[in-house]
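Sequences and hints are given; from them, build the entire structure.
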Amino acid sequence: MSSVQFDPLVVAVIIGMSAATYVTKAGGLWLLGHINVSDRTEAGLEVLPGAIIISILGPELTSAGPAEWSAAAVVLLVMWRTENVLVALVCGVAAVLLFRTIS
Amino acid sequence: MSTGSADSAHQSEEPEGPTVEFSLSGVRDGYIECVPIALGVAGYGIVFGVLSRQAGLSVAEAAFMSATVLAGAAQLIAIKLWETPIPILTVIGTTFIVNLRYVLMGAALRPWFSQLSPLKAYGSVFFTADENWALTMGKLKSGSHQGAYLLGSGLAIWSFWIVATVLGAIAGGVIGEPAQYGLDFVLTAVFLAIAVGLWEGKSSFLPWITAFSIAVLGAHFLPGRWYILFGGVAGSLVEVIRFDE
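Keeping their order, the protein sequence lines are chains D and Y. FYI, the numbering for the first sequence is 1 to 103, going by the numbering used here. FYI, the numbering for the second sequence is 1001 to 1245, going by the numbering used here.
Hints are not guaranteed to be accurate.
With a straight-line cut-off of 25 Å between C-alpha atoms, the simulated DMTMM-like cross-links for lysine to aspartate or glutamate are [claimed, not checked]:
#1 Lys1141/Y - Asp1029/Y
#2 Lys1139/Y - Glu1021/Y
#3 Lys1080/Y - Glu60/D
#4 Lys1120/Y - Glu1021/Y
#5 Lys1141/Y - Glu1021/Y
#6 Lys1080/Y - Asp1244/Y
#7 Lys1202/Y - Asp39/D
#8 Lys1202/Y - Glu83/D
#9 Lys1202/Y - Glu42/D
#10 Lys1120/Y - Asp1029/Y
#11 Lys1080/Y - Glu1177/Y
#12 Lys1080/Y - Asp7/D
#13 Lys1139/Y - Asp1244/Y
#14 Lys1202/Y - Glu60/D
#15 Lys1141/Y - Glu1033/Y
#16 Lys1120/Y - Glu1033/Y
#17 Lys1139/Y - Glu1200/Y
#18 Lys1139/Y - Glu83/D
#19 Lys1141/Y - Glu60/D
#20 Lys1080/Y - Asp39/D
#21 Lys1141/Y - Asp7/D
#22 Lys1141/Y - Glu1200/Y
#23 Lys1139/Y - Glu1033/Y
#24 Lys1139/Y - Glu60/D
#25 Lys1141/Y - Asp1184/Y
Listed next, with one range per pair, are the computed distances between beta-carbon atoms [said to hold, decoys possible]:
#26 Ser63/D - Ile1241/Y: 23 to 33 Å
#27 Ala12/D - Phe1205/Y: 31 to 41 Å
#28 Val23/D - Ser1114/Y: 13 to 23 Å
#29 Pro1085/Y - Ala94/D: 26 to 36 Å
#30 Gly65/D - Lys1202/Y: 43 to 53 Å
Covered stretches of chain D, as calculated for chain Y (at least 3 residues, CB under 8 Å) [claimed, not checked]:
#31 4-11
#32 15-29
#33 34-40
#34 44-57
#35 73-87
#36 92-102
If you're looking for bench data, these hints aren't it; they were derived computationally from the structure. Every residue, glycine too, gets a C-beta built ideally from N, C-alpha and C.
Here's what the structure looks like:
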């Protein structure tokens, strides 16, 4: 596959994604003149990204094994201590390679 | 990008008070002051580029997605969902749901942006990302009149995000078998890191454990990737139901 190719279907999906994203970005600016978002709805919307990330991780982690679980713990620990994503990623990948070798 | 939770500053009253201007110096100040943050965002961009290549996108397609979508978490989730054939509805629907928080962020800009021309206001919001939105809100609330600050800081994020995507995608194309380097674990690690950033203490526990349980159940009983939306929406609903402060 050439690195500069554009597949028409892929481009169409990306345009769909960008339209969906722009609707949310412009929507708040437009909407608040017309509708009042309750604090309750607001709280629910704020929780969404975290809940979706956890929903991705759930089945992923439960179907994994001890090597991945240990590496996941390393990522959480390093991220919590350093708040640096790249450092956490590098440690996590190194950990998963190590744990897979010894297990 | 799109990792920090938006501590949404909800303006219930709509003061016509704060006056804003839209100037080139506002764009420039926003850009320059956002460069350190954009460098951090670039770290995610490199990871996104590598993973998008592994998912089968070309360098050009990855760059095109970063240039037009400009939403980090949503793009990473899309890459996670990406397979052949592309599950079009799931990818676009999940993108929309993940980005719903931008509605709140856009709403918070209203007291200032309602004074700008529609072209300036609706053009600027394209460049909203969590990081530069927070920077802009801090600026405006402290009395700045620079309505172009969101655009300038957003352009910093946007340009760094695209360049980092291209660099990552080129690197990702060179790498061979992903599992050999532990690359199959990178996306999981990215989501774990994002989760740490979104964790808000004890209050996150109930919605997250709900999302987790429903997602694990859903992965068992539902086809495709529906468990992601079901889990996410269930977690959000729990928050809506228990909310009563």
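We went through each hint and held it up to the structure:
The straight-line distance between the Cα atoms of Lys1141/Y and Asp1029/Y is roughly 16 Å, inside the 25 Å bound, and the hint therefore holds. Pair hint Lys1139/Y plus Glu1021/Y holds up; C-alpha atoms about 13 Å apart against a cutoff of 25 Å. A distance of roughly 11 Å separates the Cα atoms of Lys1080/Y and Glu60/D; the hinted pair therefore holds under the 25 Å criterion. Note on Lys1120/Y and Glu1021/Y: the hinted pairing holds, with a Cα-Cα distance of about 11 Å set against a maximum of 25 Å.
With a C-alpha separation of about 14 Å, the suggested pair Lys1141/Y and Glu1021/Y falls inside the 25 Å cut-off, and the hint holds. Distance check on the hinted pair: Lys1080/Y and Asp1244/Y sit about 35 Å apart at the alpha-carbon level, beyond 25 Å; violated. With a C-alpha separation of about 19 Å, the suggested pair Lys1202/Y and Asp39/D falls inside the 25 Å cut-off, and the hint holds. Between Lys1202/Y and Glu83/D, the direct Cα distance comes to roughly 19 Å. Compliance with the 25 Å bound is thereby established for this hinted pair.
For the proposed pair Lys1202/Y and Glu42/D, the alpha carbon gap of about 18 Å is at most 25 Å, so the pair holds. Restraint check for Lys1120/Y and Asp1029/Y: the C-alpha separation of about 17 Å stays at or below 25 Å, so the hint holds. For the hint linking Lys1080/Y to Glu1177/Y, the alpha-carbon distance of about 17 Å falls within 25 Å, and the restraint holds. Restraint check: the Cα-Cα separation between Lys1080/Y and Asp7/D comes to about 19 Å, which is no more than 25 Å; the hinted pair holds.
Distance check on the hinted pair: Lys1139/Y and Asp1244/Y sit about 31 Å apart at the alpha-carbon level, beyond 25 Å; violated. Taking the CA atoms of Lys1202/Y and Glu60/D, the gap is near 23 Å; set against the 25 Å cutoff, the hint holds. Under the criterion of a C-alpha separation no larger than 25 Å, the hint pairing Lys1141/Y with Glu1033/Y is consistent with the structure, at around 16 Å. For the proposed pair Lys1120/Y and Glu1033/Y, the alpha carbon gap of about 20 Å is at most 25 Å, so the pair holds.
Using a Cα cut-off of 25 Å, the hinted pair Lys1139/Y and Glu1200/Y holds, with the two alpha carbons roughly 24 Å apart. Of the pairs offered as hints, the one joining Lys1139/Y and Glu83/D holds, with about 24 Å between alpha carbons and a cut-off of 25 Å not exceeded. For the suggested pair Lys1141/Y and Glu60/D, the alpha carbons sit about 41 Å apart, so the restraint of at most 25 Å is broken. The straight-line distance between the Cα atoms of Lys1080/Y and Asp39/D is roughly 32 Å, outside the 25 Å bound, and the hint therefore fails.
Of the supplied pair hints, the one linking Lys1141/Y and Asp7/D is violated, its CA atoms being roughly 44 Å apart against a limit of 25 Å. Taking the CA atoms of Lys1141/Y and Glu1200/Y, the gap is about 23 Å. The hint holds against a cut of 25 Å. In summary, the hint linking Lys1139/Y to Glu1033/Y is supported, as the alpha carbons are separated by about 11 Å, within the 25 Å threshold. Between Lys1139/Y and Glu60/D, the direct Cα distance comes to roughly 40 Å. Violation of the 25 Å bound is thereby established for this hinted pair.
Taking the CA atoms of Lys1141/Y and Asp1184/Y, the gap is about 43 Å. The hint is violated against a cut of 25 Å. Here the CB-CB span from Ser63/D to Ile1241/Y is close to 29 Å, well matched to the stated 23 to 33 Å. About 40 Å separates the C-beta atoms of Ala12/D and Phe1205/Y, a value consistent with the hinted range of 31 to 41 Å. For Val23/D paired with Ser1114/Y, a C-beta distance near 19 Å keeps the hint of 13 to 23 Å intact.
Under the hint 26 to 36 Å, the C-beta atoms of Pro1085/Y and Ala94/D, about 35 Å apart, fit the expected range. The supplied range of 43 to 53 Å is broken by Gly65/D and Lys1202/Y, whose beta-carbon atoms lie about 30 Å from each other. Evaluation of the coverage hint for the segment 4-11 of chain D: fulfilled, as 7 residues show C-beta separations to chain Y shorter than 8 Å, against a requirement of three. Figure legend: the segment 15-29 of chain D, annotated as covered by chain Y; annotation consistent (14 residues with Cβ-Cβ distances under 8 Å, at least 3 required).
Given a C-beta distance limit of less than 8 Å, the hint that chain Y covers the segment 34-40 of chain D holds, as 3 residues qualify and 3 suffice. Only residues whose beta carbon comes within less than 8 Å of a beta carbon in chain Y count, and the segment 44-57 of chain D has 14; three or more means the coverage holds. Beta-carbon proximity to chain Y at under 8 Å applies to 7 residues in the segment 73-87 of chain D; the threshold of 3 is reached and the given coverage holds. For the segment 92-102 of chain D, the assignment as covered by chain Y holds, since 6 residues bring a beta-carbon within under 8 Å of that chain's beta-carbons and 3 suffice.
Going through the hint list in order, the structure does not satisfy hints 6, 13, 19, 20, 21, 24, 25 and 30.
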